[in-house]
Amino acid sequence: MKSTKVSNLVLDILKFTILILGAIITMMPFVWMILSSLKTSSEITAIPPTFFPKDPQWSNYQEAWSRAPFLRYFVNTVIVAVGSTFGVLITTVLSAFAFSRLNFPGKKLIFSLLMATLMIPGEMLVITNYITVYNMKLEIGETRIMGIDSYGALIIPWIASVFYIYLLTQFFMQVPDAIYLAAKVDKCSDWKFMWKIMLPMNKQAVVTIGILNFISSWNAFMWPLLVTNDPNMRVLSNGLTQFQSEAGSDYQLIMAASCILVMPIIIIYLFLRKYIIEGVTRSGLKG
Amino acid sequence: MKKKIVATLLTAVMAASALAGCAQKVDPNADTAASKEATEETTQDATKEEAKTDETAAPEEKTIESCEIEFWHGMSNKQEEVLTQLTDEFNSSNEYGITVTLVNQGSYGDLSQKLQAAAAADGLPDMAQAYNNWLNPYIDKVVDLSDFVATDFDNYDDIIEAYRNECSEFGFVHALPFNKSTYVMFYNKTVLDELGLEAPKTWEDLTTIGEAYVEKYGNAAWGVDDLAGFVEASLRQNGEGYVDATGALFNTDGGLETMTYIMDLYNNGLARLVGEDKYFSNVLSAQAMLGYIGSSTGASYITADGWELGVCPVPSNKESAAYCAGTNLVMFTQDSNKQLAAWEYMKWLTSAEATVTWAVGTGYLPVRTSAYESAEYQEFMASDVTATAAYEQSDAFFTSLASYDASNDVRTAVAAKMEELILDETEPQDALDALVEEINAQF
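In order, the protein sequence lines correspond to chains A and B. Position one of the first sequence corresponds to residue 404 (this note's numbering), numbered consecutively onward. Position one of the second sequence corresponds to residue 67 (this note's numbering), numbered consecutively onward.
Hints may be right or wrong, so weigh each one.
[To be verified] Pairs of lysine-lysine residues, derived as DSBU-like cross-links and limited to a Cα-Cα distance of at most 30 Å, are as follows:
1) B/413 x B/144
2) A/457 x B/144
3) B/413 x B/267
4) A/457 x B/344
5) A/540 x B/207
6) B/255 x A/457
If you're looking for bench data, these hints aren't it; they were derived computationally from the structure.
Chain A with its partners taken away, still in its complex shape (with noise of 0.2 Å):
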């Protein structure tokens, strides 16, 4: 009896030593970034490197906000991402349950087209995409809804993913045929299935889903570049080059840029914890 609870205690304590190891390894760059953005610019690239700031330059982080308009960024990141998530969440649902569920003509083949776009590299598509972006221009009033520097622009493009739909498919498809034949056997409508039994079901896959598409939204650069012009159209992570140039780069400033950049989506992460790591250990997928 004593020596089980010794032994479990011994492997307690192995345990949770290679957890606090894991976990210091893992936070390391984090809590490196959020040191190095309190350095001197001197201190950060000094040899030997030192661990703790020495003097803790918090102007750092008012000479980086300065920098750029990071406050107009940030709302347009976040339009940019919410809009963007929630519309690939909306497409990759219905088409998902439609490749999943119903039967139609040439569905197999429609299913195979899309997959077959998957090998096409998105470096591809930059050039062709903002061609066709360029040339459209809609206007309803004053605002524009489709065309350089419009939100359209920025959104439009990435609201359908193939990848996602076809990873949702795989998903729904494991939802027994039973279910949708009691279902149906019930009088439930397809429509009515979709949002009352399927997504349920498959919560965490929707939500793992709308997590990823929100961070790769969220750390876009290129392509919210390419169809912007005015400052006031651009994103957070156009603000980072403002540190960098042909000769040097301010490497303190840009961690100081960097942290603030992050913030959202720690804050984002420590409220759907529950959703990611269920999502994440359930479908076999991470960022």
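Guided by the hints, dock chain B onto chain A, whose structure is given.
Just chain B now, kept in the frame of chain A:
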């Protein structure tokens, strides 16, 4: 059976999409190549005609209708501030009601990608900053400025000769020089004084001083930020050619001599690669090396905390040769009124007054000889070691030939190959062969 059909269809679709992809990728270039000459002629004719009307109108009064000019640039921080200040000055003082709008497009890399995409979509801005090697694919869309320069420019010969050559290397004046810099040698003067040595002037100095430093401190003494630029400058310093439209020109005895000099620096531990730091400014600031060759604009990134910064012209051999970097102003607008308006702005930015303000404010170099001689710049130089060193080597300025199609690839390939050769501690002769082969493979 059904499966087989699906599989066949799938393959067909993939093949088709792949082909379509290729076609898209190849198309713009092929198109440009074919129509290059034709369009070039028409643009030239167009501008000529315009210049004629301009000339006839000149005796009376030049009329430009009020308009807005969009200018894409890649300047940030202090540089952007000074550019904005100069532009505001122009906007408020020009008599035609021209408004120039500055659009920051991120770094040079971002700007060049964006210009390329915009060229494909026919959405180029009225004006932009650009390096020559970006322009190859869409040089037909760049406005020929020859007539503007001939009829309406204040003393073109006053512009530094190397810049004039660079701005006409496509066979016509396609640009005006703007934010120009040159590679100089930054060094730790305090340590050099401790060693009782003078700043290096020749290749030999670089070796002997380097050896003394390594012996005392253990670290590698030297570094260069831009390997491709360093190789070209070294070849020129040895009286050799570099690369032209036919391929590498330095598979010669002089080329081998140059390669021996470069490889010995690295193989003997006198010089090191910059690696993840990207620029040596940080390494020098941390006093972990003696000196490096880098852009004169990098001075602001060096923090001399507890030591004194020295700057000297790049060490040379048979001849002196100093690499010039920095972009030029190009005009894309096809609207004749806007061309006149953009030209007013370009004239302003390259005027003696503006170029001095620009140079003093940013650390870039003036584009006019007269600007160097102006009292204001002389006063600035007296207190700025970098500007002094840059001026000392201004007779040796050269720019890299960029008007051949492979120029962009050659630049990237040389930098990557040199890094590889240095890491492998390659013998000079093998390094020369490998580098020549790599360059010729880009054509």
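task: Provide an ascending list of the numbers of those earlier hints which the structure does not satisfy.
output: 3
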